[in-house]
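Once you've looked at the hints, dock chains U, G and X against the given chain S.
Chains as they are written, first to last, in the numbering used here: chain S, 785 to 1259; chain U, 785 to 1259; chain G, 785 to 1259; chain X, 785 to 1259.
You may find that some hints are simply not true.
Identical copies go unnamed one by one, so any copy, or any two together, can satisfy a pair.
[Stated by the list, open to error] No farther apart than 35 Å at their CA atoms in a straight line, the calculated lysine-lysine pairs in the DSBU-like style are these:
1) 1154 with 1134
2) 841 with 1159
3) 896 with 1087
4) 1134 with 820
5) 1159 with 820
6) 1154 with 1169
7) 1134 with 841
No lab work stands behind these hints, which were simulated from the structure alone.
Source: prediction; values computed, not measured.
There are 4 protein chains.
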Amino acid sequence: MLRDECHWLSEMNKAACVALVTNGIIDRPVGANIAKALCAFEAAMLRNPSARTGDYKLAEPLLINLGGLDMTRLHAGRSRMDLVATNRRLVQRDALLAALRQLNTARASLLKFADLDRRALLPVYTQGRQSAAVPLGHYVGAYLAALEQEATALRDTYAQINQSPLGAGAGATSRFPIDRALLARCLGFEGVVENSLFAIEMSLLGLGARITASVNSGALIVSTLVADIEIQYARTIPWFTVREREGSLTSRSTSMPHKVNPTILNRVRMLASDLIGMGVSYLIKSHNVQHGMPDFKTTEPTKALLAYAGLMTDVSILMDNLDFAADVALAEVNSEYSAAAELADMLQQKAGVALRTGHHFASLIVDHGKLHRLKPADFPYDIAKAIYAEEARTAALEPTDLPLTEREFHQALSSQHMVDSAAGLGGPQAVEVDRMLMALRAALSRDTAWVTDQERAIHAATQMLDRNLLDLIRP
Amino acid sequence: MLRDECHWLSEMNKAACVALVTNGIIDRPVGANIAKALCAFEAAMLRNPSARTGDYKLAEPLLINLGGLDMTRLHAGRSRMDLVATNRRLVQRDALLAALRQLNTARASLLKFADLDRRALLPVYTQGRQSAAVPLGHYVGAYLAALEQEATALRDTYAQINQSPLGAGAGATSRFPIDRALLARCLGFEGVVENSLFAIEMSLLGLGARITASVNSGALIVSTLVADIEIQYARTIPWFTVREREGSLTSRSTSMPHKVNPTILNRVRMLASDLIGMGVSYLIKSHNVQHGMPDFKTTEPTKALLAYAGLMTDVSILMDNLDFAADVALAEVNSEYSAAAELADMLQQKAGVALRTGHHFASLIVDHGKLHRLKPADFPYDIAKAIYAEEARTAALEPTDLPLTEREFHQALSSQHMVDSAAGLGGPQAVEVDRMLMALRAALSRDTAWVTDQERAIHAATQMLDRNLLDLIRP
Amino acid sequence: MLRDECHWLSEMNKAACVALVTNGIIDRPVGANIAKALCAFEAAMLRNPSARTGDYKLAEPLLINLGGLDMTRLHAGRSRMDLVATNRRLVQRDALLAALRQLNTARASLLKFADLDRRALLPVYTQGRQSAAVPLGHYVGAYLAALEQEATALRDTYAQINQSPLGAGAGATSRFPIDRALLARCLGFEGVVENSLFAIEMSLLGLGARITASVNSGALIVSTLVADIEIQYARTIPWFTVREREGSLTSRSTSMPHKVNPTILNRVRMLASDLIGMGVSYLIKSHNVQHGMPDFKTTEPTKALLAYAGLMTDVSILMDNLDFAADVALAEVNSEYSAAAELADMLQQKAGVALRTGHHFASLIVDHGKLHRLKPADFPYDIAKAIYAEEARTAALEPTDLPLTEREFHQALSSQHMVDSAAGLGGPQAVEVDRMLMALRAALSRDTAWVTDQERAIHAATQMLDRNLLDLIRP
Amino acid sequence: MLRDECHWLSEMNKAACVALVTNGIIDRPVGANIAKALCAFEAAMLRNPSARTGDYKLAEPLLINLGGLDMTRLHAGRSRMDLVATNRRLVQRDALLAALRQLNTARASLLKFADLDRRALLPVYTQGRQSAAVPLGHYVGAYLAALEQEATALRDTYAQINQSPLGAGAGATSRFPIDRALLARCLGFEGVVENSLFAIEMSLLGLGARITASVNSGALIVSTLVADIEIQYARTIPWFTVREREGSLTSRSTSMPHKVNPTILNRVRMLASDLIGMGVSYLIKSHNVQHGMPDFKTTEPTKALLAYAGLMTDVSILMDNLDFAADVALAEVNSEYSAAAELADMLQQKAGVALRTGHHFASLIVDHGKLHRLKPADFPYDIAKAIYAEEARTAALEPTDLPLTEREFHQALSSQHMVDSAAGLGGPQAVEVDRMLMALRAALSRDTAWVTDQERAIHAATQMLDRNLLDLIRP
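Looking at chain S on its own, in the form it has when it is part of the complex (with noise of 0.2 Å):
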C-alpha cells in the first residue's frame, strides 16, 4: 500500500521536532508540546481523509490550532522546496517497491508458463520470418533474462530515490545548525544529498529522467512480448490464446458471433503506449526550463511507477491466463525448412565440407522445397543427393556423393534434432535451458527478498522515529 504525501508530511514533522531539539535548536519543553500536536495532527488526518494534504502551507494553521504559534519553529532551517524535494523521493520509493513487488509478479507468471510446456518447440523469427524452433523454456528465459535486467535496473534507480534532500531549505540552507543526517536517518533514508541547491533543484531532473527511463526500459520488453502473441494471434488457430473470461480478459463482439476479442493483450499493449508516453512527456516538460522551475518536480515520476505496477500485474494476469498450443506451434515449425542451416554444420563437421559450399546446397534444397510445397520431413532422399552430385561437381568436391545417410539427411532437416544437438552455452538444449530457468528463479528469489529488506528497513526508521518522539513527550 502507498502512504500518501500527507503521511510524509507527518513523518517529516516528527523528524524535524526531534532534530531540532537534538540540536538545541529549540528547548526540550517546547519540543514536547510540539511532538504532543504532531500525534494529535496525525490523528486527525486519519481521522479526516478529505483534509490529509502533502502541502505544508494547508497543513500549517491545523498546526498552529493544535499546538500554537511554536509550531511554526518547526519550520526553521527549511521551506516548502525541500520538503517537497524530499516528499517526491518518499512517495517514489514506496512506489519504486511496488513497481518491483509488480515486476517480480510478472517474473513469477512467467516462469509457471515456461513450466507448462518447457520442452515444446516454437518458432523464432529474424526480420519477420521463422529463423530458428526453440522450445519454449528457451524462449520465454529470453523475457525472463530481459526482465532481470529490469529489475535490477529499478534497484539501482532506488539507491539514487533513497538520499534525503532534507534541510536544504530554499536551496541554501540557514542559519540553523540542524544535522541533516539525523533528519535522514529519521525517515529511513540511506544518506543526504549535500550541495544544497542541488538537493531542491537539478538532483529532481536527474531523478525523474532516471526513474520515467526505468520503466520506459521495462515497457518497451512488455511491447514485444506483446508483438510476439499478437502476430501469430491473428491466425484462426494461433499457438498462444487467452483463456476466455468475459470482461476481464475477453470480450465477444454485439454483431459478430465469432468474435471473441482477447481485451487484456490489447489493454497490457496500451497500457505499454501509455506509460511510453508518460516518460517522453516527463522529457519534453523538464526540457528548456532554467532551475527553480516547478516542470521538473511534479509526481509524474511517481505516477510513472504506479502505472508500471499496473502494466506488470496485467502481464502477470495476462501469462497466467494464456493457452500455449504445442501442436499448433509444432506444426508451423515443420512447415518450414528452419533447420536448414544445420544441414550445412553437420556437412562441415561431419564431412569437412566449407560452410558455404553446405550452405549453397543447403539453399537447392530449400527451394526446390518450397517449389514443390514439401515439407522438410517429406523431402525425397534421391532428390537431395542428385542435388549434393550436381553441386559437389560445380565445387569440384570428391566424393560427389551426399556424406548423409537418409536417416541423417532427414534428422538434420528437423528443428527438434537441431535443439537437441545444440552445444553453446546458452543455446537451446534441454540442459542449458533448465540450468538457466534454474538460475533466473534463483535471481526472483534474490530480488524479492531485497524488496522485503528495503520494506524492513523504512518500517524500522519508521519505528525509530516514533520512540524518539514518544522519548521527547514523556516526562
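Coordinates of chains U, G and X only, in the frame set by chain S:
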C-alpha cells in the same frame, strides 16, 4: 578515436579463428591459413578505406579470395545476427568512453569556471523569481553534482554494454562447441550474455533504451544550465557573457550593428534538443515490434553517444569562454529582498519570535520596501521599528521593540551576511563550498582514471588476441 | 457544455430507428414501439447519471427491458465498431467547438491587453538578444496573427471530423439497405465517410493525428508567449507582472517573505507541455499497430481538445491579469543600441552611403558606446563625427563630414523614431499597427460567429431527429 | 528537382533589385549595375557548386567583388532574418511538391495493386482477430481513401507555406517603402505574411508544426499498412509476399539457407518511424523557447518533407513488388466463421428473428464448429437444425424449425456470399468497390494535375522576374 565496425569484424574473425582451433573445431593447419588470410584482410582494409565494411556478407567474398573456401569455416557456430549484436556493443563501448571523456572535460571546465570568482554572489530562483543569492562556487557546484551523477549512470551503462553475445548464432547457438567465454575475453568483454535468444534480441532493446536514457538525462541537465544563462542574457548587460569570437562562439548581425549573437549558447541548447529527440525516436522506433526485427538494433544508440560527446565538448567550450560580471550579478542580488527570510530566522534565533510572526513582519518590510522602490540596504531603521511595534501589538508580543540593532537589522537583509551565516551541511557558506568543490574535483579525477583503465583493458585484450593469432601462424 | 457518449448513443439509436423505418427494414408499428422505448431510455439515463454509458453492449439489456427483444433490431446493419467510430466524432465535434470558443476568448484577452498601451515600446529579440523595439500593439498583434492561424487549423479539422461513419458496420456494411446519408443528416453531419473499412479504421487514425497536431501547434505558440513573459519576469522589476491574487494567480512562499510566485504563468507553460505530451503519446500509441486495433481509437484526441480548451482559458485569465509597466520596458529599450540599424539606413537614404559602409560606421558607434557604458541618447555628437571622418577616409568617401545634424544623429539612435519612420507593409508604425489590430478584431468576430453557426446546425439536426421520432410514435 | 538555398537567395536578390528600382529607392542606373552583377553571381554559383551558399553574410563579399559596395544597397529594408524566413518557405514549397508527387506515385501503385485481383477475398481484423472478409479492391481502397486525405492535408499546408515574409526585415520593416506584394509576386508567392514580427518568428513555428504534423500523419497510415502486411508475413506461406530481388527488395541470410528477408518491408516501417521521430523532435526543440530563437527556424521541416517523399517512393516500390496469393488468403477466410453475422442477419431479414436471438444461435454454431475443428463449409445442416430448435425453445420462438434451407444455411456462412449481399453505401459489394476505385482514380488525377499547376505557377513567376531584371539592364 572511434574504431569502426570493420575493425571489430576483423577482431571477431580473429577471435573465431583462435577459439575454433582451441576448441578443436578446425585443425591447427587450417587455422594457420585462416589466420594468415585474416592478417591480409586487415592490411587490405587499412589500405583501402572505401572498401571497409562491418557486414560479414560483404566481407566474405574478399576473405575467400584471400584464403579460399576454408575461410567460410570461420562462420561455424555463428551468424550475422550475433556478429551484428556484438559489433553494436563493441562500437557502443568505444562511443561511451568517448562520451564519458567529454563529460569529464565539461566538468573540468565547470570547475575552472567556478574558480573564476568562487565567492561572488549571484541570484538563484524558484518559480522563476529570485529566491536567494549563493556564491558562484555553490551554484556551479550544483551542476557539477548533477554531472557527477550522469557520469555514474554512464559507468553503469558501460557495465551493461561490456558483455558478449558472440557465439549465440541466429539465436539458437549451433552444434559446434565453441567456448563463448574465450570469444568474450579475446574482445575484452567482461562476460557473456548467456541466453542465446536474449543475446541477439531483447538484450539489444534493453541496452538501446538504457544508452539513450543515459544520454537524455545528461542533455536535460545541460538544457537547464543553458536556460539559466539564457534567461539573464536577454538583459542589455548580463552577468554571464560569451566572449566575442566571430564564427565559433558568436556572430554579428548583417543588418543590426549592435547585435552580437551568442551562437554557441543557442547551439548547445539545440544540440541538447537533438539528443532528446534521438532518444525519443529510439523509443518510437522500438515500440510495438516483435522480437527479431531490425528496428531496435540500429546504430542509433551509438550515434546518440557520439552526439552526447559532441554536446559535452561544446559545453566545455562554452564554459571556457563565458565571462562572469560579478558586479552585475551583485547589483541584481542587492536590488531584491531575497535575504528577508534571514530576518525572520534571526528574530527566532536571537529573540525567540515564532517563525510565522517573524515571517509576517519580514513580509511587511518587503511590501513597504517594494512599494517605495527602496533597496534593502536603504531601508530606514525607524520605519522597521514602527512596523515591528505594530506587528508585535497585533500578535500580542512583549516587548514591542524590534529586538535587533540597526546594524543587525541591515545585516539581516544582506544576502552576503545570510550566506556567511549558513550553518547547514551542503550550504552556501565558504567552508562547505570549498569542501564540496574539493570532493567534486576528487570525483572527477577518479572518473577520469576509470576511463583510462577501461581503455587499457580493451587494449590488453587486443594485444592478447594478436599474440594468440600469431602463435597459430608461427611454425 | 459537452454532451457525453451516452447522449450520442441515444441519438444514434433514434437515428437508426428513423432510418430503419424509412428504408422499410422494420415495420412502422415495430418502429413506433422502439421509438417509445428509446424515449424511455433517454429519460432513464437522465434520471440515473451513474448508469449512463456510451457502450451499446452495456445499454442493450436496459433497452430490451424497456422494449423487448425487438429492440435488438436497432442493431441491424451496424456494429459497435461504427457506433464507436461515430461516437468518437460526435464528442470530438463538441470538444473542438469548446476548444475554438476558448481560443477565441484568449484572442479577445490579447486584444484587450494590446490596448492597455498600444503605442508603448518594448524590446523584441533575435538569437536571445534585443534586436529592436516595437509597440505593444505590434508585439501582441504577432501572437494574435499566430492564434488566428490556429483557429483556421481548428476549423479545417472540424470539417474532417464532421463526417459520418455510421452504417459502416464492422467494416463491411451488411445486407440491410440503410440510407447512410439519412443517418448522417439525423446527427448533423455534413457528409458520409464512404469506404466502410476506412470509415471505422484508418479514418480514425488520420483524424486523431490531425486533432492532436492542431492542438500541439497551439500549445507551441502559447509556450513561446510564456517563455517571452518568463524571461524578463526573472528581473527584480519586470515589465510584465501577474497581479497578486493568492491561490488563483499567485502564491506567496512559506519561508521567503519577498517571494510572490506567478503560479498561473508556470501553470500555463506546464499545461502546454502536457498537451504536447498528449499529442506525442497519441503518435507513440498509434504507431506500428495493424488496422483493427483499439490503440488509435481511444478518446485521447477528445481529451486533448478539452485540455486545449483549458489551456486557452488559462491564457485568457493570464492576459486579463497581466500588468505592463511601460516605463520599465522603455528603460530597457533605451539602454540598448537596437536602433543602430536606422543610423545606417538614414545614411543610405539621405546621403547615399552604401549600406555596408553605414553599417560599419554604426558598429563603431555601438562599440564605443558600450565600452564607455553610454546610453544611445547620451552619445556625444563630436565623437560620432570623428568616427565618421575616420571611417569615410578608410572607405575613400567624399565628403568626410557626417551628413547628419546632431538632432538627426540622435533621432537615428532613438527606437521611437525608428518605429515612427517605418514604411513597410505590416510594420510597427502606428497606422499599420492600428490597421492590423482592426483586421484581427474582425477575424475574431468572424470566427466567433462561425462557432455559433456550427452549434446552431447541430441543434437543428437534433430537433429534426426528435420530430421524426415523434412522428413515428404518433398514431 | 529541389532548388537549393543559394538558388533562392539569388532569386530574392533579383526581386529586391526589381522592387528597389520600381519603388524609387535606388536609381535605375545603379539598379542596372546591380542587375548585371546579380547575373554574374548566378553564373559564378553555377560554375562553382562548392561555393554555393544561402547565407547572405557569406555571399555578400562575392557580390561586392562583382558589383562594388553598391551591391549592399540590395540589403536595404531587409535583414538575414527575413531572408532566412523566406528561404525556408521557398525550399519547403519545392519539398512539399516533391512529397506530394511521391505520395501520388504511391497511390498509383496501390491502385495497380488493387487491380491485381480486385474481387479476391482476404481477411480484415478488429481487435487483432479476423472480423470479416472483404475483396482486395475494398481493402486497398480503404488505404487509398486514407492517402487521399493525406494529399488534401499537404495541399492545405502548401497554401500556408506559399506566403511571403520578405521585406519584414529583422521584425520591424524599415524606413524604405518597399512594395512587399511585388517582392512576393516575383517569387511566385500567393500573398504576404503581414505582421513583420509574426512573419519572421511565430509564423515559422506554426508552419514547422503544421508541416511535421502532415508528414507524421502520412507516416502513421503507412505504418498501419506495413503492420498489416507484416502480421501475416510471419506465416510460412503468407498471402502477401515481396518478390525476391537480392539487395533492393530482399536479402538472403548468410547462415540460414531458408531465409529470404523482406528488407524493403522492414525498411518502410523504419522510415516511417524515423519520420515520426523527426516530427516529435521538432516539437521538443521548439518547445519552451522564446520568440527570436533559432530553434524552430531550422531546416528540419524541409528534411521531414524530403524524408516523406523518400518514404512514399519506397511504399510505391513495395506495392509494385508485392505478390498476392489469393488462394492462401481465401484458405484463411474459409477457415474462420467470420460470416456468422450474416447468419443472424438472414434470420432477421427472412424470418423476422430478433437480432440478439439470431446472434446467439450463430454463436452456438461457431462454438460447436470450433470445438470440433469444422470449417464453416463443412458444418452439418442437421446439427444446425438441432441447435436452432433448442435455441428457439429457450427463446419461446415459434416455429422451432430453422427457417433456412441447407443451401441458404451454407450460403449464410460463406464470406463470398456475405460480400455479394452487402447493400450499404461504401460496402464491399462489387458495384460499390468499382465505383469507389473509379472515384479514387479521379481524385488522384486531380491531385496530380494540381502539383503540375503549382510547378507551372512558380516557373511563370521566375520567368517574369528574369524579364524584369533584363529590362533593367537593357539600355
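Verification of the supplied hints:
Within a single copy, residue 1154 and residue 1134 get their C-alpha atoms as close as 26 Å, which meets the 35 Å cut-off; across copies the closest is 47 Å, which misses it. For the homomeric pair residue 841 and residue 1159, the shortest alpha-carbon distance between copies (28 Å) is at most 35 Å, but the shortest distance inside one copy (75 Å) is not. Taking identical chains as interchangeable, the C-alpha atoms of residue 896 and residue 1087 lie at most 35 Å apart only when both belong to the same chain, with a minimum of 29 Å there against 39 Å between chains. Proximity of residue 1134 to residue 820 under the C-alpha cut-off of 35 Å is restricted to the inter-copy arrangement: shortest distance 25 Å between copies versus 85 Å within a copy.
Neither within a single protomer nor between protomers do residue 1159 and residue 820 lie at most 35 Å apart by alpha-carbon distance, with minima of 82 Å and 42 Å respectively. In this assembly of identical chains, the alpha carbons of residue 1154 and residue 1169 lie at most 35 Å apart only when taken from the same copy (17 Å versus 43 Å across copies). In this assembly of identical chains, residue 1134 and residue 841 lie within 35 Å of each other by CA distance solely across copies; the values are 25 Å between and 81 Å within a copy.
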